[in-house]
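Quick note on numbering: the sequence shown equals residues 1 to 245 in the UniProt record's numbering.
Calculated from the structure, these hints are not laboratory results.
Check before you lean on any hint, since a few could be wrong.
[Claimed, not checked] Derived CB-CB ranges, DEER-like:
#	residue 1	residue 2	range
1	P219	G55	28 to 34 Å
2	S140	P219	36 to 42 Å
3	S131	E43	22 to 28 Å
4	D150	N4	39 to 45 Å
5	D188	S94	38 to 44 Å
6	K9	A171	17 to 23 Å
7	L153	P219	16 to 22 Å
8	K129	P77	33 to 39 Å
Since the model is a prediction, treat every value here as computed from it, not as a measurement.
Every residue gets a Cβ at the ideal spot worked out from N, C-alpha and C, and that includes glycine.
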Amino acid sequence: MSSNLKYLKKPELTKPIAIAGLPGIALIGKMAVEYLIEKYDGEKFAELESDKFPGWAVRENGLVRDLKIHFYKVSIPGFDRDIVILTGDAQASSSEGQYELSQEIAETLSKEGVETMITMAAFLDSDGKKSSVVGAATDSDTAKLIGENDVELLDGGRIVGMNGLLVSSAAAQNMNGFTLLGTTEGKDTDPEASQNVLTRFSKIYDLDLDLSDFDEKVPELPKFKPPKIKMPSVSGGKRDISYIR
């Protein structure tokens, strides 16, 4: 097995955009998308299995299962676009696997008519010098859009892992895209940073997103702590890690 995408049902999507929030630092992206899935009764329509995931399994109620990336359809009342949400148990464990899975996912989303790829993740900012949400985009128009909505645009550095590669892979499929990174000191979880990211997302799309029930909708998520995967070190010069998964 390399990768296997299994459709549970074929979704009917209207002008879809996609949001990915995979496990990473402080679970910022994962908590954000799990909140949207829970709040708006997301419907899972596909699962992606792959041997590119780390070598461990998920325990649930005394049972074990393979690692997966899950695809959900979410519809927000008053928003004229459907949202395809991607979340999962882990990111691919190698650079090669991250590239392959990101490209496969981007191709799948393109076939479903997705026009914009958004990722939500973390930005390590131990000095507290950055805005609460920073980001980057695939093109100047999209960069201007997010910059006008209180997202500090990154200049330099790197975005490591699938939360960065999904956006660049989407661009290769003629989609535009951007990443929203909540600044954090690197805690196990950072619900406030997740809410900051969702607030910027709602502002970009002019949504009235009430986050007062955030803690209620994702109470169990902080218990999820995947094994740590050693990331490549930054070699030479000043140590400048913009984002690590």
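Tested hints:
no.	hint	verdict
1	P219 <-> G55: 28 to 34 Å	holds (29 Å)
2	S140 <-> P219: 36 to 42 Å	holds (41 Å)
3	S131 <-> E43: 22 to 28 Å	violated (34 Å)
4	D150 <-> N4: 39 to 45 Å	holds (40 Å)
5	D188 <-> S94: 38 to 44 Å	violated (24 Å)
6	K9 <-> A171: 17 to 23 Å	violated (29 Å)
7	L153 <-> P219: 16 to 22 Å	violated (34 Å)
8	K129 <-> P77: 33 to 39 Å	holds (38 Å)
The structure does not agree with the numbered hints 3, 5, 6, 7 stated previously, though it agrees with the rest.
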